[in-house]
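J.: Sequence:
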Amino acid sequence: MSHDYIDPHHYGVNLQRELRRLLKDETIMPEHRRTILRYVGECRSGRAGGRGAKKRISEGRCLKLIYNLRRFGMEVPVPFEEIKPEHVEHFVLGIEDGSIRKLRPINGTWEYTPDTITDYKKVIRRFLGWLIGRDTARFHELTGWIDTSCEDPELKTFGLDDAKRLAVASGSTEGRALIMLMFDGGFRPTELLNVRLDDIRFQPDDQGHDTLFVRIRYSKTKPRTISLPLATDAVRQWVLRHPCGGAVNTQGLVEARDRSAMLVRLPYSGIRKMLTRLGKTELSERLYPYRFRHASATFYASHLTEYQMCARYGWVMGSKAVRRYVDHSGVLAVDTASIVRANLASGTGRPRDVWDQAA
76 MSHDYIDPHH YGVNLQRELR RLLKDETIMP EHRRTILRYV GECRSGRAGG
126 RGAKKRISEG RCLKLIYNLR RFGMEVPVPF EEIKPEHVEH FVLGIEDGSI
176 RKLRPINGTW EYTPDTITDY KKVIRRFLGW LIGRDTARFH ELTGWIDTSC
226 EDPELKTFGL DDAKRLAVAS GSTEGRALIM LMFDGGFRPT ELLNVRLDDI
276 RFQPDDQGHD TLFVRIRYSK TKPRTISLPL ATDAVRQWVL RHPCGGAVNT
326 QGLVEARDRS AMLVRLPYSG IRKMLTRLGK TELSERLYPY RFRHASATFY
376 ASHLTEYQMC ARYGWVMGSK AVRRYVDHSG VLAVDTASIV RANLASGTGR
426 PRDVWDQAA
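All residue numbers for the sequence shown refer to this note's numbering, where the first residue is 76 and numbers rise by one.
Since the hints were derived computationally from the structure, they do not count as laboratory data. Hints are not guaranteed to be accurate.
Said to hold, decoys possible - Cβ pair distances, simulated, as ranges:
#1 Asp308 with Glu150: 29 to 37 Å
#2 Gln278 with Gln383: 15 to 23 Å
#3 Lys348 with Asn89: 18 to 26 Å
#4 Leu178 with Leu235: 25 to 33 Å
#5 Gly393 with Trp220: 24 to 32 Å
#6 Arg113 with Arg92: 17 to 25 Å
#7 Lys348 with Leu178: 35 to 43 Å
#8 Arg290 with Asn182: 34 to 42 Å
#9 Glu330 with Glu186: 49 to 57 Å
#10 Glu330 with Asp308: 26 to 34 Å
#11 Ser120 with Lys197: 18 to 26 Å
#12 His284 with Lys355: 34 to 42 Å
We put the beta carbon where it would ideally sit given N, CA and C, even for glycine.
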């Protein structure tokens with residue numbers, strides 16, 4: 076069944092607005108405006124392969140390209156086609172040392188975060204690669220020295236007990252279902268807000284336990300179906316009370332008055348508002364949708380293989396994101412401790428302390 080796509084971030088509308096704004100932007104030279112517009116257009120169509128694979132760039136990413144390249148253009152005094160290494164160096168070193176700052180403070184700061192600085196560098200490299208084409212020597216001269224590596228910041232996560240506490244504190248059946256859905260599924264916001272009643276089913280898992288299964292049709296990577304054992308009870312209760320919902324039949328499908336209705340009725344702004352309140356009252360810290368994705372992936376990293384993690388969270392195989400959550404979960408440290416204790420076990424099979432060995 077075909078459904079209209081819901082864009083919770085309004086990327087499409089915002090992109091059209093920024094494209095119109097760029098046409099009239101006098102903070103950068105006309106040559107810059109034309110080049111940026113041409114580049115964004117080819118990114119949207121998939122023709123701006125540069126030095127990587129040719130694929131269409133999302134509207135959200137195109138928005139970021141406009142923001143970044145406009146700021147870059149403000150610091151480049153010549154047309155991009157005539158750019159020199161010193162122009163690139165001036166900008167990159169400037170955002171690193173803070174001499175080039177945001178045009179307005181965001182979250183109370185004028186300086187760019189390490190993640191944003193790295194993203195600027197990657198955007199500039201890809202943009203110049205597209206602009207220069209096959210002139211490898213010139214590309215290396217302009218960008219070969221740029222370091223795009225970045226240490227991942229420490230993840231802010233929480234556990235299952237915290238998620239259950241947040242669910243209870245939400246104060247409603249829909250709120251409990253929403254909290255457990257986000258923790259158990261680790262959905263990207265766009266994925267969750269496009270789940271309809273006809274995308275869910277309840278059926279026994281391979282051990283016979285009643286389990287919720289959700290079909291994710293709209294994803295950054297590819298559609299997938301995941302199981303949500305932790306959210307099953309909360310979602311079943313919500314489905315029974317959903318204004319367009321109803322009972323679950325013997326096949327595990329929702330006998331809804333409107334099966335195309337959204338599973339989560341709250342808009343994205345409403346979800347953020349609720350999480351802000353719960354974060355202050357229950358965790359005494361900032362809470363937002365992507366923290367649930369981090370918490371979910373950290374929880375499941377100690378239960379699933381790398382392949383299963385990629386399949387569950389919509390990552391491409393080999394993604395470094397998996398290692399990040401495995402490391403944060405501490406599962407490797409636990410495995411190491413178990414191996415060491417097993418190797419140091421006495422003849423009776425009792426694990427011996429390292430200090431016992433020394434004695």
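J.: Hints first: check each against the structure and report whether it holds.
T.: Hint-by-hint comparison with the structure:
About 55 Å separates the C-beta atoms of Asp308 and Glu150, a value inconsistent with the hinted range of 29 to 37 Å. Roughly 19 Å separates the CB atoms of Gln278 and Gln383, a value that falls within the hinted 15 to 23 Å. A C-beta distance of roughly 20 Å is found between Lys348 and Asn89, which places it inside the suggested range of 18 to 26 Å. Judged by the Cβ atoms, the range 25 to 33 Å given for Leu178 and Leu235 is violated: they are separated by roughly 42 Å.
The hint said 24 to 32 Å for the Cβ distance between Gly393 and Trp220, and at roughly 27 Å that hint holds. Here the CB-CB span from Arg113 to Arg92 is close to 19 Å, well matched to the stated 17 to 25 Å. Range check, Lys348 to Leu178: Cβ separation about 27 Å, and the 35 to 43 Å hint is violated. Against the hinted window of 34 to 42 Å, the Cβ-Cβ separation of Arg290 and Asn182 comes to about 36 Å, which satisfies the hint.
Evaluation of the 49 to 57 Å hint for Glu330 and Glu186 yields a pass: the beta carbon distance comes to about 55 Å. Judged by the Cβ atoms, the range 26 to 34 Å given for Glu330 and Asp308 is violated: they are separated by roughly 19 Å. Here the CB-CB span from Ser120 to Lys197 is close to 21 Å, well matched to the stated 18 to 26 Å. Separated by about 35 Å at the C-beta atoms, His284 and Lys355 satisfy the suggested range of 34 to 42 Å.
Hints 1, 4, 7, 10, counting from the list given before, are not met by this structure.
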